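S.K.: Generate the whole structure from the sequences, applying the supplied hints.
Which chain is which? The protein sequence lines are A and X, in order. Take 1 as the starting number for the first sequence in this note's numbering and just add one per residue. Take 1 as the starting number for the second sequence in this note's numbering and just add one per residue.
Certain hints may be false.
Claimed, not checked - To give an idea of the interface, some chain X residues facing chain A are shown, with a C-beta separation under 7 angstroms as derived from the structure:
{"id": "1", "residue": "I17"}
{"id": "2", "residue": "L24"}
{"id": "3", "residue": "V32"}
{"id": "4", "residue": "L162"}
{"id": "5", "residue": "A163"}
In case anyone wonders, no lab produced these hints; they're calculated from the structure. Source: prediction; values computed, not measured. Every residue gets a Cβ at the ideal spot worked out from N, C-alpha and C, and that includes glycine.
Chain by chain, the residues:
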Amino acid sequence: MLAGLAGEAEPYRRLLDELSRLLRAYYGRRCPPGLDPEDLVQETLIAVHSRRATYDVGQPFTAWAYAIARYKLIDALRRARLHLRAPAEAAEALFVAPEARGGAQAAMAARDLDRVLAGLPARTQALVREVKLEGLSIREAAQKHGMTETAVKVAVHRALKALGGRHGGELGGAAADAD
Amino acid sequence: MAASWEARPPMRTEELIRSLSTDLPAVAAGTVARRLALGLAAGAVASAGIMLAWLGPRPDLALALATPMFWMKLGYAAATGLIAALLLARLARPGTRPGVLAVLVAAPFVLVAAMALMRFAETPPPERQALLMGHTSMICPWRILAIGLPLLAGAVWAVRGLAPTRLALAGLAAGACAGGLGAAIYAVACDETSAPFLAVWYTLGMAVVAAVGAVLGSRLLRWR
Chain A
1 MLAGLAGEAE PYRRLLDELS RLLRAYYGRR CPPGLDPEDL VQETLIAVHS RRATYDVGQP
61 FTAWAYAIAR YKLIDALRRA RLHLRAPAEA AEALFVAPEA RGGAQAAMAA RDLDRVLAGL
121 PARTQALVRE VKLEGLSIRE AAQKHGMTET AVKVAVHRAL KALGGRHGGE LGGAAADAD
Chain X
1 MAASWEARPP MRTEELIRSL STDLPAVAAG TVARRLALGL AAGAVASAGI MLAWLGPRPD
61 LALALATPMF WMKLGYAAAT GLIAALLLAR LARPGTRPGV LAVLVAAPFV LVAAMALMRF
121 AETPPPERQA LLMGHTSMIC PWRILAIGLP LLAGAVWAVR GLAPTRLALA GLAAGACAGG
181 LGAAIYAVAC DETSAPFLAV WYTLGMAVVA AVGAVLGSRL LRWR
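M.R.: Encoded structure:
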């Protein structure tokens with residue numbers, strides 16, 4: 001780290017490399033479902049880099065780096081609570097069985113759904129349709145696409161999150177319809 | 001916002017590390033202290049401007065400079081503010097503990113409180129009330145709050161650019177620092193002359209600013 005503060009690239013690269021391994025272990029155990037531990041690793045590396053002036057040379061480096069890692073974990077949990085849940089729930093509203101609504105409304109919902117899903121990659125579209133509309137279980141969908149169950153869950157969740165982010169306003173309306 | 005989540009593969013961590021470690025400028029020592037000094041200096045200029053425009057220096061300032069009470073007020077407030085600034089510099093770094101500085105922040109108060117009690121003891125009871133209340137006791141803490149807020153803003157700006165990991169505690173230190181330095185600036189305008197007044201009302205004013213810092217800290221001091 002001292003070499004890094006002095007501007008020496010190679011020792012600094014090795015340090016970040018070593019640190020990324022420690023962080024992967026750290027977040028691997030603590031990362032809540034729905035969040036990608038590798039994202040947290042990268043965010044922490046960026047924070048370590050951009051705030052490296054706050055490292056006090058008299059302090060153990062790992063204590064400093066882990067304090068940042070812990071801060072980033074808490075920060076991610078807080079943001080997950082605030083932002084992730086609400087849009088994901090709003091997006092869920094689109095998938096409450098269309099046939100449960102009236103005929104014309106069902107047609108409109110189906111068209112909305114096509115339009116909204118169109119922004120996603122093909123495989124993700126298929127996953128969302130199968131899991132959320134056709135009622136396939138996560139396991140069945142995973143087998144069909146040759147993915148792990150976790151990967152399916154993550155992909156669907158992220159798709160809903162992304163949709164919620166992109167179409168938050170419209171989906172708010174859809175949620176109101178559904179009630 | 002989240003549109004790029006699968007369309008483009010996320011940057012691999014090794015690539016990130018490579019990009020972070022190329023073009024690596026050296027970091028100057030003392031960056032934390034410099035940034036904090038800059039934020040507090042800017043806040044102090046704004047606070048002094050408010051004090052001068054709003055209240056003005058006390059009319060008898062030239063005479064007051066010769067009295068020990070003037071320097072006691074200024075010294076009490078400034079010492080508290082500066083010790084809190086050291087504490088803040090510590091808490092602006094990840095993984096630090098307040099340590100002995102947390103106790104030291106209260107040292108000027110203990111000193112002033114002892115002097116106030118002595119002054120009280122040697123005063124006949126009927127006169128104690130006037131000694132304690134002065135003639136500005138009801139507005140003094142609020143003036144210290146108003147004059148301390150720009151300093152608090154400066155401290156918050158500085159610390160946000162560093163890396164606090166205990167935000168409420170860092171906010172408390174930022175508030176104590178702003179309250180102390182703000183009260184020192186206010187001392188130029190204030191013509192109260194008793195140690196008991198100082199011990200109660202100045203302390204209350206500083207504590208209010210510290211409380212504001214602690215409450216806002218966990219929100220305002222977040223950094224990404």
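S.K.: Against chain A, run the beta carbon of X/A163 and see if the smallest gap drops under 7 angstroms.
M.R.: holds, 4 angstroms
S.K.: Verify the interface restraint on X/I17: the C-beta must sit less than 7 angstroms from at least one C-beta of chain A.
M.R.: holds, 4 angstroms
S.K.: Would you settle whether the hint for X/V32 is holds or violated, based on the nearest Cβ-Cβ distance to chain A being less than 7 angstroms?
M.R.: holds, 6 angstroms
S.K.: Does the nearest C-beta of chain A fall within a distance shorter than 7 angstroms of the C-beta of X/L162?
M.R.: holds, 5 angstroms
S.K.: Against chain A, run the beta carbon of X/L24 and see if the smallest gap drops under 7 angstroms.
M.R.: holds, 5 angstroms
Taken one by one, the earlier hints all hold for this structure without exception.
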